[in-house]
Amino acid sequence: MATERRKPFAIKAQPGFGLVAMLCFFMLYLPIAILVVYAFNAGENIALWEGFSLRWFQSAWANETVQEAAMRSLFLASVSATIATIVAGMAAIATTRTAPYRGLTFKYAMINQPLMVPEIVTAVSLLIVFSRFKVWTGYSGIGYLVLAHTAFCIPFAYLPIRARLENMDLTLERAAADLYATPWQAFKRVTLPLLVPGLVAGYMLAFVISLDDVVITEFVKSGGQETLPTYMLGQLRRAVSPEINAIATVFLALSVLLVTLFYFVNRKKN
Amino acid sequence: MSDATRIAENARRADIRNRWWLTAPALFILFVAAIGPLLVVLLYSFMLKGDFGDVKYGQFSLDGWFSVFFERDIFDDTVGIAEAHVSILWRSVKLSLITTLLTLFIGFPTAYYISIQEPRRRDLLVFMVTIPFWTNILIRTFAMQEVVRNEGVINTLLVWSGIVDRPIQIMYTDWAIFFGMVYVYLPLMVLPLYASMEKIDFRLVEAGYDLYAGRFQVLRRVIIPLVKPGIVAGSILVFIPSLGAYVTPRVLGGGKNLMLGNLIDLQFGQGKNWPLGSALSITLLVIVTVALLFYVRNASKSGGGHGH
Chain A
1 MATERRKPFA
11 IKAQPGFGLV
21 AMLCFFMLYL
31 PIAILVVYAF
41 NAGENIALWE
51 GFSLRWFQSA
61 WANETVQEAA
71 MRSLFLASVS
81 ATIATIVAGM
91 AAIATTRTAP
101 YRGLTFKYAM
111 INQPLMVPEI
121 VTAVSLLIVF
131 SRFKVWTGYS
141 GIGYLVLAHT
151 AFCIPFAYLP
161 IRARLENMDL
171 TLERAAADLY
181 ATPWQAFKRV
191 TLPLLVPGLV
201 AGYMLAFVIS
211 LDDVVITEFV
221 KSGGQETLPT
231 YMLGQLRRAV
241 SPEINAIATV
251 FLALSVLLVT
261 LFYFVNRKKN
Chain B
1 MSDATRIAEN
11 ARRADIRNRW
21 WLTAPALFIL
31 FVAAIGPLLV
41 VLLYSFMLKG
51 DFGDVKYGQF
61 SLDGWFSVFF
71 ERDIFDDTVG
81 IAEAHVSILW
91 RSVKLSLITT
101 LLTLFIGFPT
111 AYYISIQEPR
121 RRDLLVFMVT
131 IPFWTNILIR
141 TFAMQEVVRN
151 EGVINTLLVW
161 SGIVDRPIQI
171 MYTDWAIFFG
181 MVYVYLPLMV
191 LPLYASMEKI
201 DFRLVEAGYD
211 LYAGRFQVLR
221 RVIIPLVKPG
231 IVAGSILVFI
241 PSLGAYVTPR
251 VLGGGKNLML
261 GNLIDLQFGQ
271 GKNWPLGSAL
281 SITLLVIVTV
291 ALLFYVRNAS
301 KSGGGHGH
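Top line first, the protein sequences correspond to chains A and B.
Each residue of the first sequence is one higher than the one before, starting from 1 at the first, in this note's numbering.
Each residue of the second sequence is one higher than the one before, starting from 1 at the first, in this note's numbering.
Looking at chain A on its own, in the form it has when it is part of the complex (with noise of 0.2 Å):
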């Protein structure tokens, strides 16, 4: 018997494992590319296909409503984002290089706990909560849903900048009280730069969960607040008209370019 040259023995190897993540990968990407190409479709119906066209995209730019709900969202990101960025880089800031001392874990605990929290639930109780606020102070404006948001966001924002703040070389700060900067001149021209790349990484971070909720915002929101999801939610219980998938399809262009854009800003750090 002729002896085959054998392939060497692929240890890490698993028979069928390259099938399933092929499958995998073919199912996570299939949804959003129909939704996609459903909404550069010619036709109103959505099953089937009259060709290429930009209608639906013009239709959701001219929609008011859309216009007014996009501005929204980006308004209540942005703001939403910054205040959550800056406390949670103070809060950064008290929780990282130093001894455990007493209210450490407390802290720990208060700013995770949204994470753990489903979000319906978090929800009702803001529902609760702001109903009363509105009816005692006579304000409903979008303050609630700018505190709402800054809470959720605070985690997000905390993480990154936590973590670039534990990698940090202590050395450089001890450098800069050797040669007599006080602690003030010393965070702000060595700590202050060195932590940049988190403090970055938290706002995307924070601005992208923002961004995206529905669940909490739906809830929150008072007459004539809709966000962009919130307007979307509001659409998809109504017969669908392929401008939903135009607004989906920018948003969705939006959250690529900010996670593509937050993916380089973490490597570089690496």
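Among these hints, one or two may not hold up.
To be verified - Computed cross-link-like contacts, DSS-like style, restricted to lysine-lysine with a CA-CA straight-line distance of at most 30 Å: (1) B:Lys94 with B:Lys256; (2) B:Lys256 with A:Lys221; (3) A:Lys221 with B:Lys272; (4) A:Lys12 with B:Lys228; (5) A:Lys134 with B:Lys228; (6) A:Lys221 with A:Lys134; (7) B:Lys228 with A:Lys221; (8) B:Lys56 with A:Lys134; (9) B:Lys199 with A:Lys12.
Don't read these hints as lab results, they were simulated from the structure.
Since the structure of chain A is provided, determine the placement of chain B on it from the hints.
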């Protein structure tokens, strides 16, 4: 106490005080818009329901908690099990469990496959899992709707290939919710699994083969035990949001196939029974916390076990 130690002690106290001031704004925001409201929910679950929503202040009652599981017959006042609630609770747990299982069955081979690629391709594949992860859940649910609708891909294919002659109704059934949740939460399973597979020491796998183990035996006796923390983390990360899912069942399940999240919503909307809604919220929170504690216990256990 010498002067030196006193000065050091004072400096330490001042440092801790500053650290509290620095954390204060974050803690304040979280108290007003996260923890505080949660305590109010707990309080509301013990109040008497108002006639038009809200509660009657200062009037305490256990009705909210009572009606989580029981209901009183309106005619003869007998107490029975609240079947609607129990069936919704059961549907939530059942759908969440099978979602977790299916994402595990798809996610495990996928994460493993990613982890054995060369670095460049590996980074690209991880990035491809991350994109859906950061995409709005509503958009992904909507994308799934396009797939399972009567005029959607599945039905078009089935009809076209002649397997069925009429579209089968998937939309507004438990199947639609199930598909939607698997789709939406799959990245949450793949990412932690990948994180632990990345660290596999393949010398152990090799040792398994040297000892005459087959592919499957190596998988079962070597690889799976090694990545158990990732399996637990992924399962918890999928199970918890599935249990509290609101958007996916609302869009894909229509008004009929409620899950716990939608039942809670209903009590604050049409149901106008805020104490019941609050009690259900606390119930959900307790289940989630138990799952998390299970995870923490497991994670610390296996972490200790790996310490050589």
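Okay, which hints does this one fail, numbers in order? 5 and 7
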